[in-house]
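K.L.:
Sequence order for the protein chains is A, B, C and D.
Read left to right, the first sequence gives residues 1 to 365 (my numbering).
Read left to right, the second sequence gives residues 1 to 365 (my numbering).
Read left to right, the third sequence gives residues 1 to 365 (my numbering).
Read left to right, the fourth sequence gives residues 1 to 365 (my numbering).
Hints may be right or wrong, so weigh each one.
Since copy identity is lost for identical chains, a pair holds within one copy or between any two.
Straight-line C-alpha distance at most 20 Å; calculated SDA-like pairs for lysine to any residue [unchecked claim]: (1) K360 <-> S185; (2) K360 <-> S212; (3) K255 <-> E152; (4) K360 <-> T264; (5) K360 <-> P265; (6) K360 <-> Q266; (7) K255 <-> G51; (8) K255 <-> I167; (9) K360 <-> E35; (10) K360 <-> G267; (11) K360 <-> H149; (12) K255 <-> S162; (13) K360 <-> R348; (14) K360 <-> R75; (15) K360 <-> R54; (16) K360 <-> P215; (17) K360 <-> Q308.
No lab work stands behind these hints: they were computed from the structure.
Listed here are the chains, written in short residue letters.
Number of protein chains: 4
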Amino acid sequence: MSGNTFGTLFRITSFGESHGPAIGCVVDGCPPGLELATADIQAELDRRKPGTSRHVTQRREPDEVEILSGVFEGRTTGTPIALLIRNQDQRSKDYGNLADTFRPGHADYSYWQKYGIRDFRGGGRSSARETAVRVAAGAIAKKWLRERHAVEIRGCMTKLGSIEIPISDWSVVDENPFFAADLASVPQLEAAMDALRREGDSIGAQIHVVASGVPVGWGEPVYGRIDAEIAAAMMSINAVKGVEIGAGFASVAQKGSEHGDELTPQGFLSNHAGGIVGGITSGQDILVNLAIKPTSSIRLPRRSIDRQGQPLEVVTHGRHDPCVGIRATPIAEAMLALVLIDQALRHRAQCGDVVCPTPKIPAHP
Amino acid sequence: MSGNTFGTLFRITSFGESHGPAIGCVVDGCPPGLELATADIQAELDRRKPGTSRHVTQRREPDEVEILSGVFEGRTTGTPIALLIRNQDQRSKDYGNLADTFRPGHADYSYWQKYGIRDFRGGGRSSARETAVRVAAGAIAKKWLRERHAVEIRGCMTKLGSIEIPISDWSVVDENPFFAADLASVPQLEAAMDALRREGDSIGAQIHVVASGVPVGWGEPVYGRIDAEIAAAMMSINAVKGVEIGAGFASVAQKGSEHGDELTPQGFLSNHAGGIVGGITSGQDILVNLAIKPTSSIRLPRRSIDRQGQPLEVVTHGRHDPCVGIRATPIAEAMLALVLIDQALRHRAQCGDVVCPTPKIPAHP
Amino acid sequence: MSGNTFGTLFRITSFGESHGPAIGCVVDGCPPGLELATADIQAELDRRKPGTSRHVTQRREPDEVEILSGVFEGRTTGTPIALLIRNQDQRSKDYGNLADTFRPGHADYSYWQKYGIRDFRGGGRSSARETAVRVAAGAIAKKWLRERHAVEIRGCMTKLGSIEIPISDWSVVDENPFFAADLASVPQLEAAMDALRREGDSIGAQIHVVASGVPVGWGEPVYGRIDAEIAAAMMSINAVKGVEIGAGFASVAQKGSEHGDELTPQGFLSNHAGGIVGGITSGQDILVNLAIKPTSSIRLPRRSIDRQGQPLEVVTHGRHDPCVGIRATPIAEAMLALVLIDQALRHRAQCGDVVCPTPKIPAHP
Amino acid sequence: MSGNTFGTLFRITSFGESHGPAIGCVVDGCPPGLELATADIQAELDRRKPGTSRHVTQRREPDEVEILSGVFEGRTTGTPIALLIRNQDQRSKDYGNLADTFRPGHADYSYWQKYGIRDFRGGGRSSARETAVRVAAGAIAKKWLRERHAVEIRGCMTKLGSIEIPISDWSVVDENPFFAADLASVPQLEAAMDALRREGDSIGAQIHVVASGVPVGWGEPVYGRIDAEIAAAMMSINAVKGVEIGAGFASVAQKGSEHGDELTPQGFLSNHAGGIVGGITSGQDILVNLAIKPTSSIRLPRRSIDRQGQPLEVVTHGRHDPCVGIRATPIAEAMLALVLIDQALRHRAQCGDVVCPTPKIPAHP
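Bound-form chain A, shown alone (with noise of 0.2 Å):
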């Protein structure tokens, strides 16, 4: 299909470019009688937006996002619920001289190849702001899935650039600008990030997503197997270069004695396999991380050509993340809610009838 559609029966078509008038998109396949006001949206949106701290982009967007169908009375009707989300602060005239160079590290020199044709503002269609949309739609999906499951979407950074941060607190992620789960590394992350922008540079990132309290059952084998739906889905955001499920690359050199995870009727006694056996969830916590790379935008002198092939270089002024990653983890979460509501309605669709008379067993804490 067309490549804008996520999902298959919870699905979420996004439209909009960095510099045009609007970003939003459709949410089809919400199932009715869900509560939902544009403040449950707003939340997550206002975790992502820019300009929040001196360590992200300075852009102001104050991201207000508007329902404009499929809720009535409070409560989803089971029609298309569409977001919109008005663009404010688009300098175009920032671009201006970028509409006949191609940025290294930018989507620009492939965009142009495959359409013959390109909005070169702020990298249009290709711009992380399109991930906005995918916030404001998993809201809605988090919310079903609280509600409906008890299922709880949390992330954190667990690395920006060499430098590892622990998870000693999931409480504190929202108190600070990096999304670390352990306060007491943020002045080492707040020197690092000066220390970046004064160089001009930019940096990677890893983060941390877990889903807990999934049901064991969600995911469709062969090829529709939740962990290559959430492979696909964390690899669908921008700068994302990896994605591991569970002891992921670390498996490599794992013997079986030790990677297979066993079951007791107390529980899961580990959980090597990050909640997804066989492509099927199987009621342990599902992790997942993602590797960003850094932001290719950066004021040092770059080597490219224009378009006409000759070569030039580049410098890039305007503003930008110096690390994407920062902003990645409210993404994160919503495209992990968005695989899971999609892949629940997908197994009540088909199993609804099911009793399993084998009692579930505990995950590992």
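Given chain A, put chains B, C and D in place with the hints provided.
P.N.:
Below, chains B, C and D without anything else, positioned relative to chain A:
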């Protein structure tokens, strides 16, 4: 959609259980006029089939494919191509004792909870035996990509447990049982595998896959990004727990001045992106890594439960790959081919008329 | 998507040519736990199979179905169900002279122009032989609908050319070669068909299909309306040229005061809507009519061209149905069943939790 | 999939309720480089909009469309095109009394039972107001078809109740309020409509749509047959109860020697097939008829029930079309355009390389 179809325009729909009468698939959407014989498919199946060395399962399956439709007088007709592989060596009795048991690390428990019913013979649908049909369908995709676009896809094993295998010579990959691109590593790999078999344990592996000659412009942002679909394709392979594109997780510690691939009229100066920028191919080689967990079927005793939820100990006999990663190379190549042909057709659909004036930039060697 | 898959959640993917080795399909998304034996499917196939009377094609095809996967110990497992029917009576030599000719009214010319290649044996993929797999898959759908929802689907012929056939007794439909619901009409139908065979000509027919017991609420407005999907399902049957729901084309001359079905607590007072309002089932019987064109293969000479575009005359010998409409009844029933099961699952996915306080209104008898 | 997306490669996803803030859609998959301005879309919307004569609803909606994305410097970029139409004349108070009532012939009862919640204002999502977005999206499809393939699509009303309207002059269709292709019929139509309004009743209609210049070879047998998709497209329009291709229901009484269109090097000798054979276009005109039921909202009293299931009488006031068929012509044209562009792109995807040596046969005039 129901989970057994892969692809949008070049679609494969797979069926079959490890110990049922047959496995197979329907390939729909293949362009007409492609020369295709059983031998084209059989050659790829023979690379993956069991029993080719002492390091893989000793199940004896000739994996002979029959083309049931879609080919007339040696050419594809544009109608669906059905491929059938009869199972020959089903020792279902090996599995009788498993009917009541959930093997750790296997999908037994999650399938049972999901469907309330389960074909317990050899893993049933969750068996890696299903991957034979991917290789068969992938052979068609590979052939079209090579003949129509001169795209070449190749893969090799780059890690067996903690042993790193350099890529020194692609030509030797099919001349050793490990799909290693370095003959000098083979004795060490053999010794490691022999030791492992004696222990009764298993080990993980890492596979590297490359597509060369891919034109610039394939991929459908934002959710149909080609990297997102590659991630899904790879993660849908049994036992895969991680996927990287280009620099992958190493991007986390990179700076923007290092990661972003510079462009010159003579070519790209690096390929950290792994051939994909903004979800669209750049014309550089597509570079993919996958992490494969150790086989869950091992001879060492493991704790588990039975259908009544009572504790027991599981020891797996039967014929298993001590490293499922060994046979994963042709599967990963096939999945990459399936993503590429699908995106090639989708690109032609939307952008078949595009003429771009800018010259193509050569790939980094 | 590629055109050989039908359905969203209960999906069938069909393959096979009239004179190739086999036809068949993969049924994906069937709920687990349904009792299913070959005989359940064979019973429906036997209603459609050729050679059952002198009024249909004399090709001798036992149409024996083999279940290759998805059923274990007599129950569906939730994994894909592959169905295989080997072709037995391929007299390809009957068609050798057609390789170079386009038969009027047949798909020969359009297939050839589309694909540039064509399996000319008996129509290849365009043959109505493909409809056997629809009947096979439909048998599974019918069984689930009956057992899970007490939905009954039945069909009959209501016109043979200009002969109108009343519906006087549904119980006799399977007791005459025409699927007529009126035994008194049979002698007239036999006489008409015998005369037609002597002439070497063919005739059209009209089929009526009814689904009773359908719950209120199935259907997905606005494009997934259940009437839209029924229309597509029916029009996808070979030779169908028209589809009506409820009053159909008679609605054109109706006034609103006549057409709109009034509701009372005791039940609906009429069923001009044919059981579907706003694209959603109303709980009334679903009523569908289809128009089927006369067979294009006739013994009378017809003007056409050859591959070089030169004029010639075509006379079709071989074994053909002089009225393709005769065997269309089980096919139309199957297609209706396939739409209904798919919508049932989709409804459960989105609205599985809905509790509506208003009592259901009984259907008009 | 969730039911508000239409098409496979050229996809529209629609949203909005009759009396909510807005209606609109996202068009995904449009080829890049098409010149597109708001005026191109507005021209088609103006043909459908309400209030253009005394014979249609007097609701005052300017139906002004805003393009939110996907167009840059006057050309489509290949990214999603979002179209927004704000509702202006929502007299929701007209509908307050309907909250508790189910109008006969309307979707009130089926929506309520399906979703357990319902936007009762003016039919909410089930209102024909949604069809404005189809016309808007269809305008893009029409433009591409005309510019890229010289395909022309036109429609007219051929029956108003029992009045038959001949097609004598296509050029006058937009010059009378009925989309009649015969000015001489207009006085009779006006008289009939005036009488109907006095009665407080409504009437059905029949619409004819034609696509000329369609190349041979579009369509995807067997389930993606172009006639199947046209049938779905037409039946998805509010109030449509029947669809015919070519000879349609008249085929029932035809003989094969009459129906099958003969081919000569100079052209086809007839077009009973309506331009589609075997689900693939033949290069002849595509001919479609639709039956449209009378409006259910009438001023005459009708029996129904309320939410508690109690009997009551309904009289519909407010502003309604006494013949919904009148404004259906541009909608039917739009739906045909949407099917054709989608199939054109799908054809290019699979068969873009095909070269067929046989000359094309001209269409029957």
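K.L.:
Decide, hint by hint, whether the structure agrees.
P.N.:
These are the hints, each one checked on the structure:
| no. | hint | verdict |
| --- | --- | --- |
| 1 | K360 <-> S185 | neither (38 Å within a copy, 45 Å between copies) |
| 2 | K360 <-> S212 | within (15 Å within a copy, 39 Å between copies) |
| 3 | K255 <-> E152 | neither (31 Å within a copy, 33 Å between copies) |
| 4 | K360 <-> T264 | within (11 Å within a copy, 47 Å between copies) |
| 5 | K360 <-> P265 | within (9 Å within a copy, 45 Å between copies) |
| 6 | K360 <-> Q266 | within (10 Å within a copy, 46 Å between copies) |
| 7 | K255 <-> G51 | neither (46 Å within a copy, 22 Å between copies) |
| 8 | K255 <-> I167 | neither (26 Å within a copy, 24 Å between copies) |
| 9 | K360 <-> E35 | neither (30 Å within a copy, 26 Å between copies) |
| 10 | K360 <-> G267 | within (9 Å within a copy, 45 Å between copies) |
| 11 | K360 <-> H149 | within (15 Å within a copy, 29 Å between copies) |
| 12 | K255 <-> S162 | between (27 Å within a copy, 10 Å between copies) |
| 13 | K360 <-> R348 | within (18 Å within a copy, 24 Å between copies) |
| 14 | K360 <-> R75 | neither (33 Å within a copy, 23 Å between copies) |
| 15 | K360 <-> R54 | neither (47 Å within a copy, 39 Å between copies) |
| 16 | K360 <-> P215 | within (9 Å within a copy, 33 Å between copies) |
| 17 | K360 <-> Q308 | between (63 Å within a copy, 10 Å between copies) |
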